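S.K.: Make a model of the complete structure from these sequences and hints.
Protein sequence lines, in the order shown, are assigned to chains A and B. First residue of the first sequence: 1098, per the numbering used here; consecutive thereafter. First residue of the second sequence: 1098, per the numbering used here; consecutive thereafter.
Source of the hints: derived by calculation from the structure; they are not laboratory data. For clarity, every value in this text was computed on a predicted model and none was experimentally measured. All C-beta atoms in this analysis are idealised placements derived from N, C-alpha and C, irrespective of residue type, glycine included. Keep in mind that the hints are not guaranteed to be accurate.
The calculated lysine-lysine pairs, modelled on DSSO-like cross-linking and capped at a C-alpha distance of 30 Å, are [as the list claims (entries may be wrong)]:
| no. | chain 1 | residue 1 | chain 2 | residue 2 |
| --- | --- | --- | --- | --- |
| 1 | A | 1248 | B | 1113 |
| 2 | B | 1191 | A | 1228 |
| 3 | B | 1389 | B | 1270 |
| 4 | A | 1228 | B | 1228 |
| 5 | A | 1228 | B | 1248 |
| 6 | A | 1386 | B | 1270 |
| 7 | A | 1191 | B | 1248 |
| 8 | A | 1248 | B | 1228 |
| 9 | A | 1386 | B | 1248 |
| 10 | A | 1375 | A | 1364 |
| 11 | A | 1191 | B | 1191 |
| 12 | A | 1248 | B | 1248 |
| 13 | A | 1394 | A | 1292 |
Beta-carbon label-pair distances, calculated as ranges [claimed, not checked]:
| no. | chain 1 | residue 1 | chain 2 | residue 2 | range |
| --- | --- | --- | --- | --- | --- |
| 14 | A | 1175 | B | 1204 | 27 to 35 Å |
| 15 | B | 1132 | A | 1246 | 30 to 38 Å |
| 16 | A | 1158 | B | 1189 | 52 to 60 Å |
| 17 | A | 1121 | B | 1175 | 23 to 31 Å |
| 18 | B | 1136 | A | 1295 | 55 to 63 Å |
| 19 | B | 1325 | A | 1387 | 45 to 53 Å |
| 20 | B | 1132 | A | 1191 | 20 to 28 Å |
| 21 | A | 1204 | B | 1118 | 54 to 62 Å |
| 22 | B | 1175 | A | 1237 | 32 to 40 Å |
| 23 | B | 1189 | A | 1309 | 53 to 61 Å |
| 24 | A | 1299 | B | 1334 | 31 to 39 Å |
There are 2 protein chains.
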Amino acid sequence: MKKYAVGADIGGTTVKLGLFTTEGDLLEKWEIPTRTEDNGKNIFPDIAKSVGEVLEHRGLTTNDLEGVGLDVPGPVLPDGTVNRSVNIGWGVIKAAEIMSAEMGGIRTTVLNDANAAALGEMWKGAGVGHKDVCMITLGTGVGGGIIVDGKIVPGAFGAGGEIGHITINPNEKTQCTCGKYGCLEQYTSGRGIAKLCQMRLADSNEPSSLRDIDNPTAKEIYAEAGKGDAFALSLVDEVSSQLAMAMSFVSGVTDPDVFVIGGGVSKNGPIVTEHIEKFFREYAFHASKDAKIVLAKLGNDAGIYGAVRALL
Amino acid sequence: MKKYAVGADIGGTTVKLGLFTTEGDLLEKWEIPTRTEDNGKNIFPDIAKSVGEVLEHRGLTTNDLEGVGLDVPGPVLPDGTVNRSVNIGWGVIKAAEIMSAEMGGIRTTVLNDANAAALGEMWKGAGVGHKDVCMITLGTGVGGGIIVDGKIVPGAFGAGGEIGHITINPNEKTQCTCGKYGCLEQYTSGRGIAKLCQMRLADSNEPSSLRDIDNPTAKEIYAEAGKGDAFALSLVDEVSSQLAMAMSFVSGVTDPDVFVIGGGVSKNGPIVTEHIEKFFREYAFHASKDAKIVLAKLGNDAGIYGAVRALL
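M.R.: Structural data, given as structure tokens:
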């Protein structure tokens, strides 16, 4: 095992990069813009060039690297082929092969971004010490990553851990971006929580401090709930109940011993996990109901940690 | 790898035994009674004695065996400890260790019975050629086994694949045997289907050939549906819809490429998978909706096949 490795978390706007020791110490992190034009063809040489500069600055070369781990917003097949990533402009592209060629044949792995975050949290974050993990990322959408016995479950069709598109309300009339109706993401993403709030405010006359805020965000809803606003608390309960129900489904399939809750919504702190926990203990099968439910620790760095972990 | 192996599927009434080649050919199968008295302490020596006789008859000894694989109705921890099995009288018992000691230190593995069936079907049954499998057993209860990348997912609490206790109807008022309300098993087990039929018959005046049968069984319901009885068909649709919904949850977690439907209910033939398929294609996330849905092939032998496969 060589001493260093690089993780590259490729997003729609920036590529987050990290130089790590293969023990998992993050030595340096930096960002470069993601050039999505021309079907994102510049992304690979841009990463190679930027990594080369950082290595040179430290008197290192690609020979000192165990490899480069990439993570991308999109489905990834077992051979490192990315099966379209709208956000970064790629169609079906042999990402592992191309990245390796750009860096002199170095080892390269590619993960889906939610899976990378799960692996990162297991390695150096909130999932340390666990081998059966479910990570749920509550951001603009809802992502998920499933780890069984220390390994990511990519899924036969690249859709392992697509928890955001589990049907939670078969009676929903509004369509999810995926084309289905009633997906978890429709209710528990940042956007979903804000929308639920609009609906519930319009449906009732219950007084609430949220009525003084123009289009309350998920952050504002959790903040008002934290201050004790009963209406905001009922919204948090509704969201938490739906998340807990989906988590109980995960328990019935892979039975993890820890759920890591990440993404923007998780930044509202312990109120997030406390409310989820209350419902999860009720919904889960008796054997699984003591699973831990914890907040993610690595924030936006989870992806680069996981991308490197995948190399080891 | 030695040439032979034995599988022992320990049930509440009988132990099914099989002598296999390690290539997976079943050379001989037989049964002995399960002596559940005295906390089932005779089960191990009974198996050892019976296997010894069969081996002797063929001029073989335990030295010719790669090992003995057991499967039991109950949760099994990774070290081969059975965490209580009501049906066979065991409390918490180090089954692998005890069985091995009874047979001169031979290698022994222990699996949960639903997991063994899944592994058996992957190895030599309806899941051949697949590495990401979900098996659902529709019997008196509803069992499940999840395979990821060729390996059983036992779960951190021994509850991996406990699909029968996924909540499918949060509004249910009748309690499941597990203590929760609205589990899949309550609607789609043999018993559940028969009960649903009673309720639906009582709730409507719709004519049906099922009204001429005293307490129709799941088998009779599927049979009448097969003959075109509209009421029976609506019951089959209701059951299939709930199964398909639970299967879509599995797809959102481990994303298998094949679902194998086994157990007594599956013996009603293609009508079972055809109706499930119709709903699954509608409920599953787009990437996963082409997963195959097939009937189990090994019947009651799936357990012994899987128990042996676990040794290899």
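S.K.: State for each hint whether it applies.
M.R.: Evaluation of the provided hints:
no. : hint                        : in the structure
1   : A:1248 / B:1113             : violated (34 Å)
2   : B:1191 / A:1228             : holds (23 Å)
3   : B:1389 / B:1270             : violated (34 Å)
4   : A:1228 / B:1228             : holds (20 Å)
5   : A:1228 / B:1248             : holds (15 Å)
6   : A:1386 / B:1270             : holds (21 Å)
7   : A:1191 / B:1248             : holds (27 Å)
8   : A:1248 / B:1228             : holds (15 Å)
9   : A:1386 / B:1248             : holds (24 Å)
10  : A:1375 / A:1364             : holds (19 Å)
11  : A:1191 / B:1191             : violated (48 Å)
12  : A:1248 / B:1248             : holds (12 Å)
13  : A:1394 / A:1292             : holds (27 Å)
14  : A:1175 / B:1204: 27 to 35 Å : holds (31 Å)
15  : B:1132 / A:1246: 30 to 38 Å : holds (35 Å)
16  : A:1158 / B:1189: 52 to 60 Å : holds (56 Å)
17  : A:1121 / B:1175: 23 to 31 Å : holds (25 Å)
18  : B:1136 / A:1295: 55 to 63 Å : holds (60 Å)
19  : B:1325 / A:1387: 45 to 53 Å : holds (49 Å)
20  : B:1132 / A:1191: 20 to 28 Å : violated (59 Å)
21  : A:1204 / B:1118: 54 to 62 Å : violated (39 Å)
22  : B:1175 / A:1237: 32 to 40 Å : holds (38 Å)
23  : B:1189 / A:1309: 53 to 61 Å : holds (57 Å)
24  : A:1299 / B:1334: 31 to 39 Å : holds (36 Å)
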